[in-house]
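K.L.:
Each chain, letter by letter, is given below.
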Amino acid sequence: MIVGKDVKTWISDRPRQRATLADMAAFARDWEQGAVHRRFREAFDSIEAPTAEKVADTASALFADESWVDALIDGLAARMRADPFFDPPFRQHRTDIYDGLLVFEHELVSIAAGVSTAAQLAAKKTAPRGPTSVGFTGHLGVFKYVKAGGALLSFWEVPPITAGFTAADAGQCVRTGEREIADGEILVIDGRHQSFVIERARSNLVILQATIAPDRAPLCVEYDSASRGFVGCSATHDTSSRIQMITTLLRKLDCDAALPAMVDLLDHPDFFVRWHVMKELLGLDAGAALPHLRRMAASDPHPDPRRAARAVLDRFEAPAAKRQAA
Amino acid sequence: MDNFRIMVEELPELETEVAVSGSVRQQEVGGGVCLFIALGGLIFSA
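Chains as they are written, first to last, in my numbering: chain A, 1 to 326; chain B, 1001 to 1046.
Hints are computed from structural coordinates only; laboratory data are not their basis.
Take these hints with a grain of salt, some might be off.
Unchecked claim - Label pairs and their in silico Cβ distance ranges: (1) A:Asp45 x B:Arg1025: 36 to 44 Å; (2) B:Met1007 x A:Ala119: 46 to 54 Å; (3) B:Val1008 x A:Ala82: 57 to 65 Å; (4) A:Ile246 x B:Met1007: 15 to 23 Å; (5) A:Trp10 x B:Glu1009: 52 to 60 Å; (6) A:Arg179 x B:Arg1025: 27 to 35 Å; (7) A:Arg39 x B:Arg1025: 38 to 46 Å; (8) A:Met80 x B:Val1008: 51 to 59 Å; (9) A:Arg202 x B:Met1007: 54 to 62 Å; (10) A:Asp215 x B:Met1007: 35 to 43 Å.
Bear in mind the structure is a predicted one, so any value in this text is a computation, not a measurement.
Built from N, CA and C at the ideal position, the CB exists for glycine as well.
Just chain A, same shape as in the assembly:
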């Protein structure tokens, strides 16, 4: 932490601030043009017909060499020692049990390097809290435990999370085992049906983490850690949530010009987006929405929108509704 006189001096010293920023920019440029970044980029660029598994295999192979992690951390530490106002020029990736830096970004994968401290893990385990969940992310991840910290991981599985996922058929999560992780071990976790929990650790963990973009499930799903039953789910892709918010806004604005675009979104791959858009379409122009509602009730690939659309049609076609429309 930087306090007091040093901050005051730095804030009033514009040339020094510019020097810090220039040093950060130079570090970012050197990293992005350096051998490690180039090797990663070429490896992922060269994957033909990329699938989640192919990308995970490539990430695993790249993680076999971890010497670049030491070099990167040494480089950052040297800069921060020389200038306490030097901030690592990477996006930060922080949860309550992990502090990391996003060191490589590609359309197929993002790679972060970071630390989970034993103190963070202990605080998480011992803090008072209500019901807890085991989460399934919906996408593949590759984890390299550069320093495993003597961590004991438990492993969990659920039925595959697919585009046809329903709460009714979510089943229960099952604990499939536990084991201590070794330094240098690489784990591939398919978040479409697998997860893990860090049960305990004796010391800090240094973790490389590749998050794989292709073939992800539409949902991130939670199961209760005690009952093992389904708790809830959320969209994995923020674009889905943005579409929902924007179509609601368009309906509230009575934006008839948006109708064709909204009709196109009725073919969105996510079932919850399709139904949300259908509701907004009904609110905007029920007459225009009706043929699409009939189509959804008859042939939507997911049972939930089919059922909801059928319920609305039944309401429309009830005698009272017909009298009201007349």
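With chain A held as given, fit chain B onto it using these hints.
P.N.:
Same frame as chain A, now just chain B:
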């Protein structure tokens, strides 16, 4: 049908309710999602 004024709030919800991206109902035990979710948010909003 053209005369209908549909109240969106009265239309049925799906049996499988899906929350907005990045949200959770309960605190996580500690592990996969805790390590994953912020990064997931980063890459998918990039």
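K.L.:
Evaluate each hint against the coordinates.
P.N.:
Against the structure, the hints:
no.: 1; hint: A:Asp45 x B:Arg1025: 36 to 44 Å; verdict: holds (39 Å)
no.: 2; hint: B:Met1007 x A:Ala119: 46 to 54 Å; verdict: holds (52 Å)
no.: 3; hint: B:Val1008 x A:Ala82: 57 to 65 Å; verdict: holds (58 Å)
no.: 4; hint: A:Ile246 x B:Met1007: 15 to 23 Å; verdict: holds (20 Å)
no.: 5; hint: A:Trp10 x B:Glu1009: 52 to 60 Å; verdict: holds (53 Å)
no.: 6; hint: A:Arg179 x B:Arg1025: 27 to 35 Å; verdict: holds (29 Å)
no.: 7; hint: A:Arg39 x B:Arg1025: 38 to 46 Å; verdict: holds (41 Å)
no.: 8; hint: A:Met80 x B:Val1008: 51 to 59 Å; verdict: holds (52 Å)
no.: 9; hint: A:Arg202 x B:Met1007: 54 to 62 Å; verdict: holds (58 Å)
no.: 10; hint: A:Asp215 x B:Met1007: 35 to 43 Å; verdict: holds (38 Å)
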